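Novice: Here are the chains, one letter per residue:
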Amino acid sequence: MLLVILMVFAVFGFQLLRVQGFDAAATQRAAMSKRSVKTITPAMRGQILDTNGRVLAESVERFTVVADPVAIAEYKVKVGDIWEKLGAPRAASDLAPLLGMDASDLEARFTKPNTRYVIIKKDVTPTIWREVKALGVPGIAAERTASRVYPLGMALGPVIGFVSPSDQVAWSGIEYQFNQALSGKPGTNIYERARDGYIIPGSERVDTPVTNGRNVRLTIDSDLQWYAENALAKRVQEVGAKEGSAVVIEVATGKVRAVANYPTFDPNDLSRMDVDHTVNGAFNDAFEPGSTGKLMTFAAALEKGVVTPDTGVIVPNRLPRAGMKFKDNENHPTEQMTATGVIAKSSNIGTILIGERLGPAVLVDYFRKFGLGAKSPINFPGESAGNVPDPKTWVGASRYTRLFGQAYSATALQMTSVYQTIANKGVRMPPTLIEGTMNDSGTLVPAPAQEGVRVVSEKTATTLSRMIEEVTGPDGTASAARIKGYRVAGKTGTADFFDQKKKGYNGFTASFIGYAPAEAPKYVVGVFLHQPSAGMFGGALAGPVFNQVMTYLIQRDGAAPSPKSTLDYHVWAKHELSTSDPNVLSEARAKRDGL
Amino acid sequence: MTSTTTSAGSRGTTKPRGRGAATPDERDTSRLAALPVIGKLESPLTTYYLILGAMTTLVVFGLIMVFSASSVSSLLNDQASYSVFARQALFAVIGAAVAAGASRLPLAWWKRLSLPVFLGSVVLLGLVFVPSLGVEVGGNRNWLRLGPIQIQPAELGKLALVLVGAMVFANKGRLVGLIRHAILPYLIPVAAIIIALVLGGHDLGTALVMFAIVGAVLAVSGVRGRFFLLAGTVGALGVAYLVQTSDNRMARIANFLSPACQADPDGWCGQSVHGMYALADGGWWGVGLGASKEKWDWLAEAHNDFIFAIIGEELGLPGTLVILFLFAVIAWGCYRLMVRTRDRFVRIATAGIMAWLLAQAIINIGAVIGLLPVIGVPLPLVSAGGSSLVTTMLALGILLCFARNEPGCRALLAARPGMLKRSLAVLPSRSPRRRNR
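Order-wise, the sequence lines are chains A and B. Number 37 in our numbering belongs to position 37 of the first sequence; there are no gaps in the numbering. Number 165 in our numbering belongs to position 165 of the second sequence; there are no gaps in the numbering.
Chain B extracted, bound-state conformation (with noise of 0.2 Å):
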């Protein structure tokens, strides 16, 4: 996130100005309104339609291949070859009730919970360093064990960020111009303290999507171009500490300009040489849903991490392409609702969620497509794992509930004929909406 991204007005004024992007876009919008199936597309609903349509699509579209991904594995291990996909599958609807929740709930609610989330995830995050309860998985402390489940709290870390920075800075108003205001409470210490809490697990990973969070957080709140330079810079040599004083992480970042290294399946970057391996082989067109041979225990994390190589060798370039698409259509639900919602609060939590969501894709597939060093995040709702699904739909959902609030969307939705009746809809009836045209 850098400072050109500034779309949204700096003295919280309802119309967005942007540079560049604002002005365009409404008359891209009303000239697109003027065309006869786009005008038609255009209603107060898009922007709910669309962001529910990608996540509907990516959660299912990531059900499949999770399950064809992980079934060798599971096989395997002398496993059920479903046993992956049915927790997945659990967690999906988990997360599908949990988002259908959120989006219901009265938008007020989300400023008030705002602070419970920080001090819960701050607490969970805490406990992750209890010996019983904290879990370390290849490397990185980032799991918590309670009962019979494991939850990684970084997740919730992530959306109390959003949350937090959001509530903080629609109330601030004006003074964020300030670089007292800017800094303090949410860059120091919210922001700090959960930072901290992800970096002593060093999940490297993770802190870098939330230093995208709170980057976006900062821009759409209006904080000035300087202080944003400033804490960039800072951000970044931040960053590049970190990465120097770890001999692991230093290794990553020299094998990954290693030609030598990506050309080895063997060796240190044998995931990503895999990754590369699956891709290729799925080429145009795939090699058809469950063919994929690099799922074979040669792609480590194949149903994880790497989930994006096995559509690409499954499904082909148009397999990779849609996932892009998807997002892309994410991007652009949020950026609908960023500019046009009048809420302070609304705009900086779907900045924070979109740069959430899209930094995470962005770092996911640059790994596995090779242009990025392997630092080892989920793609969101695609991926499997249960916290990382359920906390990204929940994020979804607040960002449905944002679109309900959208102006016109309310009064349209609730206009429609209930759940019932939608769903026989092909049976003859008398239909509301043409009553409506």
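Chain A extracted, bound-state conformation (with noise of 0.2 Å):
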């Protein structure tokens, strides 16, 4: 009998062996895959910050509480010295009001057959939960959730984008551009759990840690940004535009400071979204910029010893050029005006005069030079390169057209930088919309520095900012553009729109770009008014935002009032003009020269 128990004995030992010993990993693998749970940490997201810190986009801590109907039933509460069980119905009416719902419909999703999980309320503040835990019903928990809440709302929400609140998938604008930096990693922790849920103590272990969103700085300016965006929804509303956007580069630095759109878009409410609304048209709509691109035409005239300031030009009525006659906004008799005069009162007669002199090839190289035809390197979800056409297509009508911005593209931020380049003194700073984002200890790692690129020498380009204070002067086309006591560089557009929809051109593109004080600017702004209904020219329609914007920045940065230039330059001839006179530009000078 003994040496049988000491048999079984023995095989008994080699059974254990094997269970407890040699065989043990994988028996260990199943045990542990039923007993452990793996939880997600959501990491959170990054903040978006303006230039000064001031938070553009944040997540915040939000709860969706859920109930079990089946524990909820055990709801005990103390009445007098006993706890009485009262269940769904007393459960509904205590957390009504905490959660803002109707007690009776609390109480038909608390007493829901066949479930234990039904999602009562999403969104709910950390606060509320709080509250709501502290009263302890039973089967009440909440899952963890992240809400995003933009502080700028509408002013600011197409080039911020936007993130989908179900699930936080970033879809537009800087949250989809940088969302890689922005979104972070979820960690995973891992517990080991009794058969009912609870967490058996000790066995809590951290998988991956949770890799929070890291921060990201903009170069806007909240307060300009805000400024900004107002004043250009006020003047779309006044003038019935389509839409409008208003651009405001540093102009030291290339640097967006503001970037407003209208129609916009909230989102913090999605549910009122129109997806024509999140697109951020100044960087990603191009349209014919019209006569804001004659400064490009006269910067080349004036590089090329084309023009002076004051080399005189005799304007007609009509301009026979491709089989068309080419006239100006207005009839007008034939006039005798300076070079300064031309952009000033922005005549397309006299600027084909001065630009027909520069071959198409060199026009295309200063477009290029000042930024058209390529993507800013802000590289902005679905920017807009423009389109600048080869010198081989510029025949017939376009080979004039384009010396006074029809018949090529750009973005709104393309022509603001051309103007920041001529503010600069001839060097342009390619814009940018990222100071940096933030690392692990918080310091901010700042966007490559861009280099400054010297378009036009320092003294056409002072020349032609003085020159575009004509504008603003008592001939020129812009006075609501004009801000006492300082002078203002800048220029008028008016635009056919070629309507993307109807293939066609419909209505106009009123635009202003300019500096202020002209002589030390410290920022450009440039207007832009799509489809106007009441009126079309720029001065009239976009004067007055860019009044309004450059007011502000003047006033806020106590910039000193202008002293008077010391470049005297007119808009009409100071004599009479002779057709004749191999230094004024004419019609008859033009056949003369076999143009």
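Honestly, I wouldn't trust all of these hints.
[What the hints assert, rightly or not] Have a look at the derived ranges for each label pair, beta carbon to beta carbon:
id, chain 1, residue 1, chain 2, residue 2, range
1, B, Ala260, A, Arg116, 27 to 35 Å
2, A, Gly197, B, Ala80, 17 to 25 Å
3, B, Ala260, A, Val37, 22 to 30 Å
[Claimed, not checked] Covered by chain A, per the in silico footprint, the following chain B stretches (three or more residues, Cβ under 8 Å):
id, segment
4, 295-303
5, 309-319
Keep in mind that the hints were calculated from the coordinates and are not lab data. Bear in mind the structure is a predicted one, so any value in this text is a computation, not a measurement. We put the CB at the ideal spot given by N, CA and C, even for glycine.
From the two separate chains plus the hints, produce the assembled complex.
Specialist: Structure representation (structure tokens):
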């Protein structure tokens, strides 16, 4: 008997060696997978900040309150000295005021049959959840979620973009472009649970630590943004424009300080969103700039020595070119102007007489140096490069219309950047929107710096800048852009608007781009109104927005009033111009030169 | 228990002449005694201390493990985490008192007590079927509610089988060679009544242990091999019939043999699978006392039928092997008693008790480690459960009583200094033992 027992024990011993020793690993894995529970800690999405560190977008902790109808039935409340089981009706009446819900609606959810999981309310703030939790209703639980909040709301919607509320997936704008840095990586924790769900003490461990998203700091100045958006929105409504944009670029750095679009959308309330309004039109829509493009023609002409500010130009009412008769905005008798006058009064004919003396290749070269036809380093999602046609295509009427801003396209950002180049003494600073991203220790890692590119000489830039001060002068096209006590340089633009939906020209683009004080500008402001229903001229329509934003900037910066310019330029020729004068530009001279 | 285990002589001789076990044993003993260390251990007191030591260790071990294994489930049931442990400790104290009393009872008393124990157990087993007194737990109607306490009369039934068998066959002497005497009156009616009552409550596990007791009693009494073969076959057929006729039992066997079931922690074999999980989690060295994860409601009956798995999980291979070792020690102690005694009653009763404890331990451990189907018997001395603990300790108390009556033992025990003096032995004193040397 003893022998048999010892033999059985020997067999048991070997079985134990196998089960506990040699073959244990596989069983351990099975046991672990049975008990272990993986929880995902969502990464907190990084903030988007403005240049001063003010929050433009941030994620806040929210809770989805859920209920287990089976457990709620056990809700007990102390009545007097005894605990009474009052269940779902009492739970509903206790929770209704906290959650701001109807008690009968709550009770219906609490008593939903055949389920142990009912979603009660989403996006509950931590404060409310703490109060709900304090009631101690059994079966009430919460899942931690995040909600994205955009303090500037509509003012910056198209630039910031949005994330979908349900899963925090980025859909557009900066949210989309910097999603990788912003989103971070969710962490996983593993714990072992008891059969009924308790966490077994000491079994928790971190599998992958959560990496929260990094903050992204933009060059946007939220005060200025707010102001620009309001000024633009008001004007778009006043003039009945379909849409409008305003761009403010810092002259010395090329940093974009404000990008306003209207109509816009509120990323806090996507239910009222119109998909068309989520587009950052200032970056993504290319349009024919119109007269604001004359600046590049003049820059090239000055740089190539074709004209000086005082060069006389005889401007007829009509100019036959390429089988067409070109005209100015208004009929006028033959006028005797200076080159300054041509740009100040925005004469198309005068511009043709000057610009036709430059080859298309030269002009295309300047357009590209000014940043047209290529995306900015911002590389915003959906950003347009615009379209600068090849010199070979500069034939027929387009050979001439391109001199005054038609038949090619550029974005509001690109056009404002052109004026930044002139304001910055001929050095173009490629526009940027990102100051940098924060690293793990919270220090800003600056975005790669953009190097300035000299487009025209400082002399040309200074001269041209002084010439376009006349635009806001007594004879210029933009009296509405004037700011008392300051010299304002700028240019109006009125262009035929090519409607992509109608596949044809329909309405106008009225614009004004400029800067002040002209002798020491800190900011360039570009205002663009597309398809206004009241009026068409850039000076009258866009000028007031420019005026308000520029005035705000001047007042904020406390810029000193401008001294009188040392450069004495005139709009009208000081003496009678002769078609035979070899220095005077005229139709006769053009014929002589075989143009 | 098979016929090969018949080690004691069938003709009632005092000198054991088994088939291969006894003679080498004597040689072994003398050879071992020649070794200086082992020789010192060999004394008339050895058996006494082997059984006493193994029992005490198992009970204390069991208390600790019951505490560890039950603490979580008690807590999850809104009870104090030591509630099961406290009950078990109380029963351990009662059991210790019972064992101490039993060990000091004169040997003749046990012969006299066998009949009353038998009658008492039959009455109690019968009372289980009285609707107001019997309690059904997990399909087994084997509990009796007596006022504030519940007892399992089947435990007493095991003791009755041992004592009555020993008394009957000790008195029959050589008559057991006759089949008529082998059957009457022990097999029929004594064993038959008790086992029938137990099976009436659907408690197959206890019945199996009782079969083992009966088998051991018959084998040691010197029943002929032929009859044994016959009885064994009848018994096996009986068990097979019982299994066959119960869907529940058939399913248990089928699932035990099904690898798919043995891999599904949520299915029919969940308890067995989680037992294996616990053992594997423990691995070589265990997760540490108290650190079991399977006791968190995963493993059913963690403090009871499956406490061996929790021992394996918390204390690893050393823990499980120590349990095996301690039961082996009890088996060895019983074996020593059987070969050294001159009293047939003592030999037969010892064999019965040995079969009882060891069969129960083997059925329990075998089920936990996946070698046997889960039948549901507690691990003697270790599992939680008052009736089982107290009666098992009573049985061991009887063994201690037998051991005290070994030749020379009583004299040596009497020569020991008193309990108080032994307790103060660390204090400087003139030791009587030193004088004896």
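Novice: Next step is simple, just say for each hint if it's right about the structure.
Specialist: Hint by hint, here is what the structure shows:
Remark: the range hint 27 to 35 Å for B/Ala260 to A/Arg116 is upheld by a beta-carbon distance near 29 Å. Distance hint check for A/Gly197 and B/Ala80: the Cβ-Cβ separation is about 22 Å, which falls inside the suggested range of 17 to 25 Å. In this structure the supplied range 22 to 30 Å holds for B/Ala260 paired with A/Val37, their Cβ-Cβ distance being about 25 Å. Requiring three or more residues with a Cβ within less than 8 Å of a Cβ of chain A, the coverage given for the segment 295-303 of chain B holds, as 3 such residues are present.
Using a Cβ-Cβ cut-off of 8 Å, 3 residues of the segment 309-319 of chain B lie near chain A, which meets the minimum of three, so the contact claim holds.
Violation of the numbered hints given earlier is absent; every hint is satisfied by the structure.
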